[in-house]
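**Q** Line by line, the protein sequences are chains A and B.
Per this note's numbering, residue 1 is the first one in the first sequence, and the count goes up by one each step.
Per this note's numbering, residue 210 is the first one in the second sequence, and the count goes up by one each step.
Hints are computed from structural coordinates only; laboratory data are not their basis.
The structure presented is a predicted model; accordingly, all values stated were derived computationally and were not measured.
Even glycine gets a Cβ: it sits at the ideal position worked out from N, Cα and C.
There may be inaccurate statements among the hints.
To be verified - Label-pair restraints from in silico Cβ distances: (1) B:THR223 to A:GLY141: 23 to 31 Å; (2) B:GLU238 to A:ARG117: 37 to 45 Å; (3) B:ASN222 to A:THR191: 31 to 39 Å; (4) A:GLY61 to B:ILE382: 49 to 57 Å; (5) B:ILE382 to A:ILE16: 48 to 56 Å; (6) B:LYS364 to A:GLY61: 42 to 50 Å; (7) B:GLU238 to A:GLN17: 26 to 34 Å.
To be verified - Among the chain A residues that face chain B by a calculated CB cut under 7 Å, a handful are: (8) SER45; (9) SER58; (10) GLU62; (11) VAL73.
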Amino acid sequence: MKSDLRGIYVVTDTTIQSEFTHIELARLSAQGGASMVQFRDKERSSEAKCSIIRSMKSACGEDDIKLIVNDRVDLSIICEADGVHLGQDDLPVDRVRDWGGSSLLIGATASTLEEARDAERKGADYIGFGHIFETTTKQKGYEPRGVDLLSRVTEEVRIPVFGIGGITKENAAEVLEAGAAGIVVSSAVCTADDPVQAVRDLVEIYHNQ
Amino acid sequence: MIDFNYYLITDRNTCASASLEAHIEKACEGGLKAVQLREKDLSDRDLMKLADKLREITRQFGTRLFINGRADIACLSEADGVHLPEKGITPKKVKSIDDSMLVGASAHSLESAKQAEQNGADFVLFGPIFESPSKPSDQSPQGLVALQEITEFMKIPVFAVGGVNTENAARCIEYKADGVAGISSVMGTENPADELQSYKKILGRL
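Use the sequences and the hints to build the structure in full.
**A** As structure tokens, then:
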């Protein structure tokens with residue numbers, strides 16, 4: 001199952017837009033052919049998050065779409081999501097792996113080759129590497145990493161590497177050419193007038209690679 | 210199961226010792242039986258580190274360690290329990306991850322205290338009872354009469370919280386609280402052990 005970690009990965013965000021809810025975005029992403037969806041919300045209460053995660057899981061449908069929860073390992077397990085995504089300031093990958101066992105999907109953010117290697121060593125299933133291009137979704141304290149570094153990372157680590165940050169349908173092909181297993185998008189889908197079409201366009205680019 | 214009557218809540222920003230760890234160690238030496246790690250402005254990674262350190266200290270003294278809001282950090286640090294804010298996940302959900310976890314729940318009304326009990330909480334914190342210096346809150350004090358009303362309804366232990374100090378803790382017990390909880394009176398003193406001894410006299414045990 002974990003070998004299927006590739007394709008289009010949508011991070012749902014309700015702070016950059018108010019047109020669609022997390023649950024709607026999960027459903028629309030599934031419709032468009034996304035392989036993975038991540039629930040990312042820093043504002044709601046834990047109980048509210050739980051009920052959203054459960055609804056997102058049903059919204060993802062019977063297809064083999066992976067639902068990943070940002071930061072919160074407890075909520076991922078309680079709500080029976082597929083896994084968790086951990087940033088550099090979040091819980092350490094190795095401890096979560098020891099506790100959650102091998103069935104829990106663990107993604108890790110990396111912005112340097114060293115961080116990517118470290119995440120792999122500690123037991124991550126995939127890496128979100130970035131940000132690749134300029135992005136406004138998350139404030140960053142460092143320069144975009146670019147596709148050249150991405151390509152070094154994809155050569156040096158064995159687990160799937162997703163490009164993240166500032167990816168659109170205009171530059172998605174470059175990211176995939178650098179060896180990424182897939183791309184992570186948030187604003188390109190969440191702020192689109194037609195999220196289903198936005199995902200479809202990216203899926204098409206992915207399949208053409 | 211709830212074998213403590215005083216429940217300390219941390220706040221490293223008002224802590225009178227050089228570090229929170231040093232302060233908790235002093236408190237444990239002074240007989241502290243239960244502490245809740247509640248540091249909302251830390252990243253998960255830093256909170257995890259602090260939880261590990263407090264676990265190391267509390268384990269030596271047999272003091273129970275609770276983690277505010279986070280069942281994952283509680284499990285990873287081998288804490289004894291989780292403390293849930295009123296809008297946190299339900300106690301049942303915490304126990305679905307690890308049924309040996311003790312669960313405390315904060316409640317600001319009879320309704321939510323009852324709900325916490327039904328959902329499997331092991332004890333509740335009810336308040337604020339008095340004006341509180343550490344949580345100048347959105348909520349006006351509930352008072353002692355409301356406290357007694359709650360304790361009459363509840364089977365699980367009820368701790369009074371919010372502005373509780375060694376001057377007024379006895380009043381909380383008079384109004385049927387099973388114990389008291391707080392931040393400032395023990396966090397803010399350089400001699401937490403002395404403060405805890407005063408509580409012990411009032412509460413019968415810590």
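**Q** Taking the hints in turn, state whether each one holds.
**A** Evaluated hints:
1. B:THR223 to A:GLY141: 23 to 31 Å: holds (29 Å)
2. B:GLU238 to A:ARG117: 37 to 45 Å: Hint holds: Cβ distance 43 Å, inside 37 to 45 Å.
3. B:ASN222 to A:THR191: 31 to 39 Å: holds (38 Å)
4. A:GLY61 to B:ILE382: 49 to 57 Å: holds (56 Å)
5. B:ILE382 to A:ILE16: 48 to 56 Å: Because 51 Å falls inside the window, the suggested range holds.
6. B:LYS364 to A:GLY61: 42 to 50 Å: With Cβ atoms ~43 Å apart, the hint holds.
7. B:GLU238 to A:GLN17: 26 to 34 Å: violated (53 Å)
8. SER45: Status holds, d = 4 Å.
9. SER58: violated (18 Å)
10. GLU62: Because about 24 Å separates A:GLU62 from the closest Cβ in chain B, which is outside the 7 Å limit, the hint is violated.
11. VAL73: Holds: closest Cβ of chain B sits about 4 Å from A:VAL73, inside 7 Å.
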